[in-house]
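Visitor: We have chain A; now place chain B onto it with these hints.
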Amino acid sequence: MKYAFYPGCSLEVNAAAYDVSVRAVCQALGVELEELDDWNCCGATEYFSQDELTACAVIARNLAITKCDQLTAPCAACFLNLKKVDTLMSEHADMNGKINEALAAGGLSYKPGTVQIRHLLDVIYTDVGEERIRAAVKKPLNGLRVAPYYGCQVVRPFGGFDDPEYPTKMDELFTWIGAEVVDYPVKGHCCGGHMTQISEPEAYELIRRLLHSADEYQADVIACLCPMCQLNLDAYQSGVNGHFGTNYNLPIVYFTQLLGLAFGLAPKQLGFGKELVAAEPVIAAKVGV
Amino acid sequence: MVTAVATSTHSSFLNEVVRETPFGERVRSCIQCGTCGGSCPNGAEMQYTPRGIINLINAGQREKVLSANTMWQCVSCYFCTSRCPHNIPITDVMYTLKRMAIREGYGKDSDAPALAKAFTYYVDKYGRSFEMGLATRYHLLNRPIAAMKMGPMGLSMFKRGRMALTPSKIRNIGQLQAIINKARELGGAR
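For the record, the sequence lines run as chains A and B.
With the working numbering applied, the first sequence closes on residue 289, and no number is skipped along the way.
With the working numbering applied, the second sequence closes on residue 479, and no number is skipped along the way.
Honestly, the hints are just simulated from the structure, not real lab data.
The beta-carbon is built from N, C-alpha and C at its ideal position, and this holds for glycine as well.
Hints may contain errors.
[To be verified] Pulled from the structure, derived: some chain B residues nowhere near chain A, Cβ distances all over 10 Å:
no.: 1; residue: Arg317
no.: 2; residue: Ser318
no.: 3; residue: Gln321
no.: 4; residue: Cys322
no.: 5; residue: Gly326
no.: 6; residue: Asn344
no.: 7; residue: Glu393
[To be verified] Part of the chain A face toward chain B, derived, beta carbon under 10 Å:
no.: 8; residue: Asn40
no.: 9; residue: Gly43
no.: 10; residue: Ala44
no.: 11; residue: Ser49
no.: 12; residue: Ala55
no.: 13; residue: Gly151
no.: 14; residue: Gly188
no.: 15; residue: Cys190
no.: 16; residue: Ile198
no.: 17; residue: Ser199
no.: 18; residue: Leu206
no.: 19; residue: Gly273
Just chain A, with the same shape it has in the complex (with noise of 0.2 Å):
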């Protein structure tokens, strides 16, 4: 199995947690990861609020360089603009044609539906699958409480592979590890995006919910699929804390750190320690790594 990997902006740096646990699971699991050579940033939803036609181009150069007909990235914003651009492109002559006419300025073209775009859950989930993932587990995460987190731009509105309303896969994928899967009701709302970066109270409210409702199914960590949510649940949880009076303490995960555990590597291997609200603990006590 193989595909083109698009990791984006935020895993070279602020989600590196997620960068070298995606890597040492798609290895432990035999997924082939070719980086995209030169591949350029999405824009996020920032480019999109500066120039459409721009942010579209921007995007769409990165699927005229890719020379497999999968491509995954681990990021859901990055996912969500790939694939937006894909489908705009299909199914909107006029911006197709603009789009190839502004590649065709850096020499490129992109026929839209070549590349087939996939989050990293959906290849794990439905192309690795459980008999495989349940055979590679050397250290089942038994008792490990885990509150999987969607988010919003994983599933909605183009993910296509779970419910946009009421996602499963990470949740069955967890049970497949042996963890204890909290079932709480918020697990696809937003964990207000870039509002940290713009406005606190709005942000905080976003994210307090969150917490709230994982807190009270009595989750011992949170585990999720994009640099954003990880950020803002993690980085801004005393944030919140201090705006509240709240007392959180939930360790913010991406999945395939959980994954990477329960396939037996070392904690150091898949990132763990770069997160602010120490997971170390909890995972020492339940797991006894």
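Guide: What follows is chain B alone, placed relative to chain A:
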């Protein structure tokens, strides 16, 4: 409560929004069911919910729409888009309103336009986003007090190797910039 729908479906403002939004013509088919507003996680912070703003667009209320805080409170969660029974690309309509508002000098009460500008500046320059650059170019310049409060958190991130001091840059930046320049020319920066 805003009422006035079918009377002005030919308003020039509505036509502008439709023109700037792929599949924007679906805005004309809004039935004001309110699913979008009820689904919005940040609706309580908005002067007009997405339903209300679409009603105002259909009524040609340009000034009210562009000076509203609605689009700046949108967090791009796509609940509205995903649930709309008429498949109106509501999140994309919000992006259109952001662009129009920025172009015409609205949105002065929000830091969102400055963030968008700083973010795209780095993408255009390096081909990658640059968080440390945003911390200085955007946070310190636009919101120094909030930035100071975030100092300790930034330091914790830095200590854990989650902040880089220098940007990463793509090799074929010239190619990306040629694409960007052409797209700007074709789109008239819209």
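Visitor: Which hints, by number, does the structure contradict?
Guide: Every hint satisfied by this model.
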